[in-house]
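**Q** Using the hints provided, position chain B relative to the given structure of chain E.
First to last, the protein sequences are chains E and B. Numbered by UniProt numbering, the letters in the first sequence go through residues 1 to 183 in order. Numbered by UniProt numbering, the letters in the second sequence go through residues 1 to 482 in order.
What the hints contain is simulated information worked out from the structure, not anything from laboratory work. Cβ atoms here follow ideal geometry from the backbone N, Cα and C, with glycine treated the same way. Possibly wrong hints are sitting among the right ones.
[As the list claims (entries may be wrong)] Here are a few chain B residues that sit away from chain E, every Cβ distance over 12 angstroms (derived from the structure):
1) Val-52
2) Thr-82
3) Gly-127
4) Asn-202
5) Arg-217
6) Arg-251
7) Leu-258
8) Leu-315
9) Asp-341
10) Asp-345
11) Ala-393
12) Met-397
[As the list claims (entries may be wrong)] For each label pair, taking beta carbons as the anchor points, the in silico distance ranges come out as:
13) Gln-26/E <-> Ala-346/B: 42 to 50 angstroms
14) Ala-346/B <-> Ile-142/E: 48 to 56 angstroms
15) Ile-151/B <-> Phe-76/E: 16 to 24 angstroms
16) Glu-336/B <-> Arg-80/E: 21 to 29 angstroms
17) Asn-179/B <-> Gln-26/E: 50 to 58 angstroms
18) Thr-307/B <-> Asp-158/E: 32 to 40 angstroms
19) Gln-133/B <-> Asn-33/E: 22 to 30 angstroms
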Amino acid sequence: MMKISSLCRPLWYIALLFAVSCAEEQDFDQFNNLSIIPEVSSSIFYFESDEGTINAAGGGTFYEQDFTFEAFNEPFVSERVVNGTITYQIENTTSKPIAASISFLDNAGTVLDTENFAIGEHPFPLLERQVAYGEGGKSLDILRNTTLIKVTGENLGDASSTSSERTPVIIIRSSATFSLELR
Amino acid sequence: MRWTNTFLWFIALWTAGVTAQNKQLLYDFYEVPQSLLLNPGVITPYQWHAGVPLLSGLSVQAGSSGIAVNDIFANDGIDFTTKFRERVVNGLSPNDVIGGSGQIEVFSGGFRSSKRPTDYYSFGMYGEGFIAQYWPSDLAQLAFEGNANNIGRRFQFNHLTTGGEAVNVFHFGINRQINNRLTAGLRFKVYSSVFEFTSKGNDGYFVTTQGENNILRNTVVADVTMRTSGVESLLELLGDDTLAQSVELPRWLLGRSLLGGNLGVGLDFGFTKRLGSNSYFTISVLDIGFIYHNNDVKNYTLNGAGTNEGIEIILPEDLGNLSVDIWQDLVDDFEERIPLDTNADAFFSLRPTQLNASYRYHFGEYSKKSNCDCDIAPSGRNINIDYKNAVGAQLFMIHRPRGPQAALTAFYQKRLGNVLALKGTYTMDKYSFANLGLGVSMQAGPVNFYLMADNLLGYQNLPASNYASLQFGLNILSWNPN
Numbered sequence: 001m002m003k004i005s006s007l008c009r010p011l012w013y014i015a016l017l018f019a020v021s022c023a024e025e026q027d028f029d030q031f032n033n034l035s036i037i038p039e040v041s042s043s044i045f046y047f048e049s050d051e052g053t054i055n056a057a058g059g060g061t062f063y064e065q066d067f068t069f070e071a072f073n074e075p076f077v078s079e080r081v082v083n084g085t086i087t088y089q090i091e092n093t094t095s096k097p098i099a100a101s102i103s104f105l106d107n108a109g110t111v112l113d114t115e116n117f118a119i120g121e122h123p124f125p126l127l128e129r130q131v132a133y134g135e136g137g138k139s140l141d142i143l144r145n146t147t148l149i150k151v152t153g154e155n156l157g158d159a160s161s162t163s164s165e166r167t168p169v170i171i172i173r174s175s176a177t178f179s180l181e182l183r
Numbered sequence: 001m002r003w004t005n006t007f008l009w010f011i012a013l014w015t016a017g018v019t020a021q022n023k024q025l026l027y028d029f030y031e032v033p034q035s036l037l038l039n040p041g042v043i044t045p046y047q048w049h050a051g052v053p054l055l056s057g058l059s060v061q062a063g064s065s066g067i068a069v070n071d072i073f074a075n076d077g078i079d080f081t082t083k084f085r086e087r088v089v090n091g092l093s094p095n096d097v098i099g100g101s102g103q104i105e106v107f108s109g110g111f112r113s114s115k116r117p118t119d120y121y122s123f124g125m126y127g128e129g130f131i132a133q134y135w136p137s138d139l140a141q142l143a144f145e146g147n148a149n150n151i152g153r154r155f156q157f158n159h160l161t162t163g164g165e166a167v168n169v170f171h172f173g174i175n176r177q178i179n180n181r182l183t184a185g186l187r188f189k190v191y192s193s194v195f196e197f198t199s200k201g202n203d204g205y206f207v208t209t210q211g212e213n214n215i216l217r218n219t220v221v222a223d224v225t226m227r228t229s230g231v232e233s234l235l236e237l238l239g240d241d242t243l244a245q246s247v248e249l250p251r252w253l254l255g256r257s258l259l260g261g262n263l264g265v266g267l268d269f270g271f272t273k274r275l276g277s278n279s280y281f282t283i284s285v286l287d288i289g290f291i292y293h294n295n296d297v298k299n300y301t302l303n304g305a306g307t308n309e310g311i312e313i314i315l316p317e318d319l320g321n322l323s324v325d326i327w328q329d330l331v332d333d334f335e336e337r338i339p340l341d342t343n344a345d346a347f348f349s350l351r352p353t354q355l356n357a358s359y360r361y362h363f364g365e366y367s368k369k370s371n372c373d374c375d376i377a378p379s380g381r382n383i384n385i386d387y388k389n390a391v392g393a394q395l396f397m398i399h400r401p402r403g404p405q406a407a408l409t410a411f412y413q414k415r416l417g418n419v420l421a422l423k424g425t426y427t428m429d430k431y432s433f434a435n436l437g438l439g440v441s442m443q444a445g446p447v448n449f450y451l452m453a454d455n456l457l458g459y460q461n462l463p464a465s466n467y468a469s470l471q472f473g474l475n476i477l478s479w480n481p482n
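In isolation and in its complexed conformation, chain E is listed as follows (with noise of 0.2 angstroms):
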């Protein structure tokens, strides 16, 4: 004979199962402690000018411009914004020597810094430079509160001259790569 009770064991094993299931311990306050600080690199802007132009503004500053530029200054940048390296590139296959500046302007107009070149004439090799902010470099508040960046270039040479090259230029080429604190 079948008793009720042992026809209903499988059952209590089941709900017993859950009652005494195990679980190794866990620590879900842990999650606080993940960082994510991925590193994002995009260009900034890119310069050229021809050596007729240069040419053409007879000597001295053969350009000079100021124009927005609010990545750094939007908030998902500047708040999260931990170190950063911008990086320079200056390639001069004209005849005469060049000065170039680069400088970093708030609201107001006020300079916040600046990142001077010169550069012989061609040939002249490839002029890389690494400008470090924050940690070891200079103060992210630069980055932070820049708004308009001031592009000066100077011929530091005749302004009759044309190189030999096919076709003779200032370039400059800039990038950034910061450490953004996403958590």
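**A** Showing chain B alone in chain E's frame:
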């Protein structure tokens, strides 16, 4: 706010647990009337049945492939960020999925036709839901690592696949014993969608390469869509502090559940074929249907292509005509090329069609003497279709955004008199290769109670388990007379 939380918990529980939706313990376990929902052509040894409202069928499943809670939250002293990077960001693939599914039967019943005793009619209403998030591998790695050290790598947008829904289903089924060897069934369904969101079939990428002019070039090519219905009104409701949410949320839920949401129709069919004196083959196809979403629809699209090398100043072309607002022009141009738009275009969503099939073999002589002589034994049970032992195999397949998911099950069933039936299963699927399950159906007089649990080995250490499910229900039923 309390009601908002309660409601969110309700939604979470309703959609709790996964995508698998495999109910291998219940399939063809015809001691339980809810097996009719998995195969309208299952053997029906009942005269009638009535589910206890809200308690006749409740099931939740939760699972994750590729990772378990214990993998990242174990108190093992390893730096959490390191674990997260190695086991989640770099450890999961785009085919890994985290999610859950749930079903609650609101009411159900069935009866045998008096004019045509070979026919058994069943009906009811249940709510079900699921949420499935495929791991967006590339996007997660982009967010975690950034693009600086991934020059040339395309971060694919087709890794973005997600979906979820809550739907109320009204159904009516006909089950007919065509002859001694064949029982077939059909079930008609009307779907009332409460809410749905889905994003699949996306395409495109983000890549950073060496620039043509400048140092770097960022390129975005996007063809990404997220379709939603019912979500916008829900979010508005939840975000409106001026409303009495204790009144409005249930009203909203009931309204959309009871045919006030987006509607659809569907069909299930299946049969049981007796192959020999002791072997049976069954097959069922569920949820061949669709829902047409035309109310409370909001779709999001990100479509276009654009490249960026920063601001460009090229002389002499730009002498004197460079806009001071060149940065904003650059941003505007990029947004114009890859606009994030919304629309309210109606859309169809296909139901997640499921296939079940099984082969079972009965052995061991069934004897009336083995009947329990206890005083709660159900009376009048027809023993002709009964078994003492059964073994077999089952196949389950479901259509999912990234193609079909399958599970293979081997099972053993045993009847202990008229009071108790047991089913043990071993299942292999993408969540686990060691999934042991146990189902119990108990009959006490006219009361039928069943309880089924899956992945029993996982209960040794629940957080280390990739998958868990539980089903139970309570019915009143009358068996066919001898």
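**Q** Run the structure past the numbered hints and jot down the numbers of the failing ones, going up.
**A** Those not satisfied are hints 2, 5 and 8.
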